[in-house]
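Enquirer: Listed below, chain by chain, are the residues.
Number of protein chains: 2
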Amino acid sequence: MMTTRINGATRLYGIMGNPIAQVRSPETFTQAYTTAGINAVMLPIQILPEHFELCVKGLMALGNLDGLIVTVPYKARMVAFANRLGDTARCIGALNALRREADGSWTGDMFDGAGFIVGAQRKGYELAKRRVALFGAGGAGSAIACGLLAAGVESIAIIDPNAEHAESLTQALRRTFPACDVRPAAGVPAGSNMIVNASTVGMRPGDGLPGDIGTVTADTLIGDVINTDAKTPMIELALRHGCPYVAGKDMHAGQGEALLAFFAAATAAPSQQSPAHS
Amino acid sequence: MMTTRINGATRLYGIMGNPIAQVRSPETFTQAYTTAGINAVMLPIQILPEHFELCVKGLMALGNLDGLIVTVPYKARMVAFANRLGDTARCIGALNALRREADGSWTGDMFDGAGFIVGAQRKGYELAKRRVALFGAGGAGSAIACGLLAAGVESIAIIDPNAEHAESLTQALRRTFPACDVRPAAGVPAGSNMIVNASTVGMRPGDGLPGDIGTVTADTLIGDVINTDAKTPMIELALRHGCPYVAGKDMHAGQGEALLAFFAAATAAPSQQSPAHS
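Protein chains in written order, with the working numbering: chain A, 1 to 278; chain B, 1 to 278.
Pulled out of the complex, with its shape left as it was, chain A reads as follows (with noise of 0.2 Å):
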């Protein structure tokens, strides 16, 4: 592992979020920077609801912050921060990363799904013609679904205990793919060979499956979006049935992949003068 130094000259970028103490990007991205040999860092920033507005527009009007991770609870609210969106975010209305350009705008975009995606790549399983029940229609199960999709997978059902969730996903999804077969559903329909976790459940201990999973065979692939060193249910359901399955820590590795090489494609790096005084 390289030393990390920090000095006037570092750039910054930041996650936020809240809480903030839990999240690993500032130690993952930092170590990738330092490992690169670019001056640069991930930090923890920590957002609080009744400050949010304030914080977002100091933060995006610093000199030297090229660059934003989003995360819980604020991937929706900063939509209307970015001044250009990619093709996902639009899609789903949410976005988890934004990059500052040379003339000083901010583009957005959602890398959630991409984190999943590459995952699966990483891992040689085969997306195309996939029938997907997915669990959970917030942010991360909207970029997922958009993800899938773009990769084609013959048709997704959307379970959600919120009916309208499932529902305005579906729509939404409707749109930008017309000639995909997306639909809510109340559980898993019977044909599905793969089946993605994308709620909250599995986060904390003792915690089940996120509902009845259905008849699993070797060739279902299973999916989680729970990013955790110990095995969640639906990763110990994989194990138990020989299924190939992406994990939590699959997606998240393959997201930051995805989101160094988004920052890293900003229309030019701001300079800056050093003078010779401190």
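Hints may be right or wrong, so weigh each one.
Since copy identity is lost for identical chains, a pair holds within one copy or between any two.
Below, computed lysine to any residue pairings styled on SDA-like, alpha-carbon distance capped at 20 Å [what the hints assert, rightly or not]:
1. Lys57 <-> Phe81
2. Lys249 <-> Asn7
3. Lys57 <-> Asn18
4. Lys57 <-> Arg24
5. Lys249 <-> Gln121
6. Lys231 <-> Asn83
7. Lys249 <-> Asn162
8. Lys249 <-> Gln22
In short, the hints are calculated from the structure, not lab data.
Assemble chain B onto chain A, guided by the hints.
Expert: Same frame as chain A, now just chain B:
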């Protein structure tokens, strides 16, 4: 040197100014925190004048930013953002540090002078009864004058090309230290046995002395605020005459200690819960 690691629980401190790439505090303070086993970093924060208020309000509202060092050109402007001021900041109307207290309020004070005093004491120099000629009535000069008077110097003659600045600093110092002999001056008075450069002269290559220095003996205590590894004209003068001296580097080392102690004395460190997920 120990390895700095940034994670979600890292507490943030920042040095704000414009430009910012030249400041040294990010490196020295971050290293001091790392060595002490404190999970905190000191960041460079560039604030452009046109975004000053927006950035300051946003930074001070962040949930995990515990302190700010303030440098050029914001030392006077930041006074309005402190909920309470220390004696030196109140005397001269400028501050260079703010810390957040347990109740969320901010305490500000000025340590530019304290650094000079600590730097002189570290080298074993006596300040009491000195007859001082001070070049520069700006922020650094004001803070050093305040510190010198508190340390018991006999008199201070304030030399500044802007006579109004010299006069208004004189008035401010007389209000706080009515028993002391403080006056504006056109040059170094005869009988001075301490000469301090608190102007920016000496910062640029090719700069000379800040003015006519008069007669220097081996007893004359020389001070210079310019923080550089090179020998400034003032320090060259001291070396040539065998004078005791406090260089910008001595002053900045002393100021670092004073600032770390100021931040550590906040009424309580905010704490944050750490849920299991990321």
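Enquirer: So, for every hint listed, does it hold in this structure?
Expert: Each hint tested on the structure:
no., hint, in the structure
1, Lys57 <-> Phe81, "both (8 Å within a copy, 18 Å between copies)"
2, Lys249 <-> Asn7, "between (31 Å within a copy, 17 Å between copies)"
3, Lys57 <-> Asn18, "both (17 Å within a copy, 18 Å between copies)"
4, Lys57 <-> Arg24, "neither (24 Å within a copy, 27 Å between copies)"
5, Lys249 <-> Gln121, "within (14 Å within a copy, 55 Å between copies)"
6, Lys231 <-> Asn83, "neither (40 Å within a copy, 49 Å between copies)"
7, Lys249 <-> Asn162, "neither (27 Å within a copy, 63 Å between copies)"
8, Lys249 <-> Gln22, "within (14 Å within a copy, 39 Å between copies)"
Checked against the numbered hints above, the structure violates hints 4, 6, 7; every other hint is satisfied.
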